[in-house]
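Visitor: The chain contents come next:
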Amino acid sequence: MTDDALTTIPTTRPNPSPHTLSNRIGRSVWNIVQATLFRWSPKPCHRWRAFLLTCFGANIHPRARVYPKAKIWYPKNLTLAKHATLADDVDCYCVAPITIGESTTISQYTYLCAATHDFDVPEFPLVPLPITIGSRVWIAADCFVGPGLTIGDGAVVGARSSVFKDLEPWGVYAGSPTKRLRDRGFGPGSTNGTPEGA
Amino acid sequence: MTILLSSMTPRDPGSPGPRALLWGLTQRLVMPLVPSPMYKLRRAILNTFGASLDPQARVRGGVRISHPWNLTIGRKSSIGEGAHVYNPAPLTIGARSVVSQFCEIRCVAHDEHDRTKPQHPAPITIGDDVWIAAECVVEGDTPIPNGLLVGARSHIAPESELDRWTIATGHPARSRRERDYNGPKS
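Protein sequences appear in the order of chains A and B. For the first sequence, the residue numbers in our numbering are 1 to 198. For the second sequence, the residue numbers in our numbering are 199 to 384.
These are calculated hints, taken from the structure and not from any lab test. Be aware that a few hints might be false.
Unchecked claim - A few chain B residues that face chain A, going by a derived Cβ cut-off under 7 Å, partial list only:
| # | residue |
| --- | --- |
| 1 | Trp-329 |
| 2 | Ala-332 |
| 3 | Glu-333 |
| 4 | Leu-347 |
| 5 | Arg-351 |
| 6 | Ala-355 |
| 7 | Glu-376 |
| 8 | Tyr-379 |
| 9 | Asn-380 |
Unchecked claim - Cut-off 30 Å, straight-line C-alpha distance, at most; resulting in silico cross-link-like pairs (BS3-like, lysine-lysine):
| # | chain 1 | residue 1 | chain 2 | residue 2 |
| --- | --- | --- | --- | --- |
| 10 | A | Lys-71 | A | Lys-43 |
| 11 | A | Lys-43 | A | Lys-165 |
| 12 | A | Lys-69 | A | Lys-43 |
| 13 | B | Lys-238 | A | Lys-71 |
| 14 | A | Lys-82 | A | Lys-69 |
| 15 | A | Lys-69 | B | Lys-238 |
In this text, a Cβ means the ideal position worked out from N, Cα and C, and glycines have one as well.
I would like the entire structure built from these sequences, with the hints used as guidance.
Guide: As structure tokens, then:
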């Protein structure tokens, strides 16, 4: 293909922002709050951080735990149920809604990536896809969770795994890409019983 | 300023030299103060240190570059937030390519037959219309062909088999299927 054909791609600005003005202003203010009031708050002050996130439009249960070094891209797209935990250095790239269920733990350095690009067209537009994580899930340290995925209730993901496909409930997964290793020791059908609400 | 900096070459290859020391200070003290959307300023600083960035290239905040004088970025290409570039050998990125957030690009290679030998600088050339998705690792001596798409968290190693306009994933990354691209292919 000649260079002429390639120059037909508009080049006035490198990449015009796909986000609305209110989104960009909201994020700028949130980034300042996140770098100061949120980041510098003492570790046990989970209610204070839940309150800050609620002020910026997040749907967060007051008993959810978000640690001070966690990074939230846009609080409005974040939903955390009771006792859901985002550990230090979790990067929550919530371009699309990210929903995390009750008593779920997202361990440190995990990257929740809720957007991809449409790479079949030259404009390379951003494609936000929501992530839904069920209740009683544990995602161990430094995992990657790709866009548009649903992780079933009670699933466990081993450290440093990369999740690119939906995970079934009550399974133990690990690897890159993740493979199902076994069933979790408790949950529906297990001899060890079923937790309340499962 | 540019002439002054480019004249500062280290006397022996082992020592970092004044230019590298000055860049180290700039990277640690000045770059964190540049807000993420101020691409022009960041580009100007990098170009002062000998990088050749196209006026439409974008380097986001939080990117760490070890040797900016070995960096070339083409038109409309970008490096995402928090990426690490270790480039003692030249890193060349073509046009319209994207290196996503938290990627690790290492322009060094080991001796294939003797892993006890120290790693040596090895250039990386990234073609046009490439997308290296989030958290990938790219090692030296591996040319990245035009139109390649690398899935998130993949590892591009010397043993990777990469073809033009394909989608590659895995450790090491291998081309898995053709890209279904609607635009003009370079």
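Visitor: Hint by hint, note whether the structure agrees.
Guide: The hints, checked one at a time:
Look at B/Trp-329: its Cβ gets to within about 6 Å of chain A, closer than 7 Å, so that hint holds up. Because the beta carbon of B/Ala-332 sits about 6 Å from the nearest beta carbon in chain A, less than 7 Å, this interface hint is met. The beta carbon of B/Glu-333 comes within 6 Å of a beta carbon in chain A, closer than 7 Å, and the hint placing it at the interface holds. The beta carbon of B/Leu-347 is positioned within 7 Å of a beta carbon in chain A (closest approach about 6 Å), and the interface hint is therefore held.
Here the hint on B/Arg-351 is kept, as its CB sits about 4 Å from the closest CB of chain A, short of 7 Å. Hint status for B/Ala-355: violated, given a least beta-carbon distance of 14 Å to chain A, over 7 Å. Hint on B/Glu-376 is violated. Least Cβ distance to chain A is approximately 11 Å, over the 7 Å limit. Interface hint at B/Tyr-379: satisfied, since its Cβ lies 6 Å from the closest Cβ of chain A, which is below the 7 Å cut-off.
For B/Asn-380, the suggested interface contact is upheld, since its CB lies about 5 Å from the closest CB of chain A, less than 7 Å. Taking the CA atoms of A/Lys-71 and A/Lys-43, the gap is near 15 Å; set against the 30 Å cutoff, the hint holds. Taking the CA atoms of A/Lys-43 and A/Lys-165, the gap is near 33 Å; set against the 30 Å cutoff, the hint is violated. With a C-alpha separation of about 9 Å, the suggested pairing of A/Lys-69 with A/Lys-43 holds against the 30 Å cut-off.
Note on B/Lys-238 and A/Lys-71: the hinted pairing holds, with a Cα-Cα distance of about 26 Å set against a maximum of 30 Å. For a cut-off of 30 Å, the pair hint linking A/Lys-82 to A/Lys-69 stands: about 20 Å separates their Cα positions. Pair hint A/Lys-69 plus B/Lys-238 holds up; C-alpha atoms about 29 Å apart against a cutoff of 30 Å.
In summary, the structure is inconsistent with hints 6, 7 and 11 from the numbered list given earlier, while agreeing with the others.
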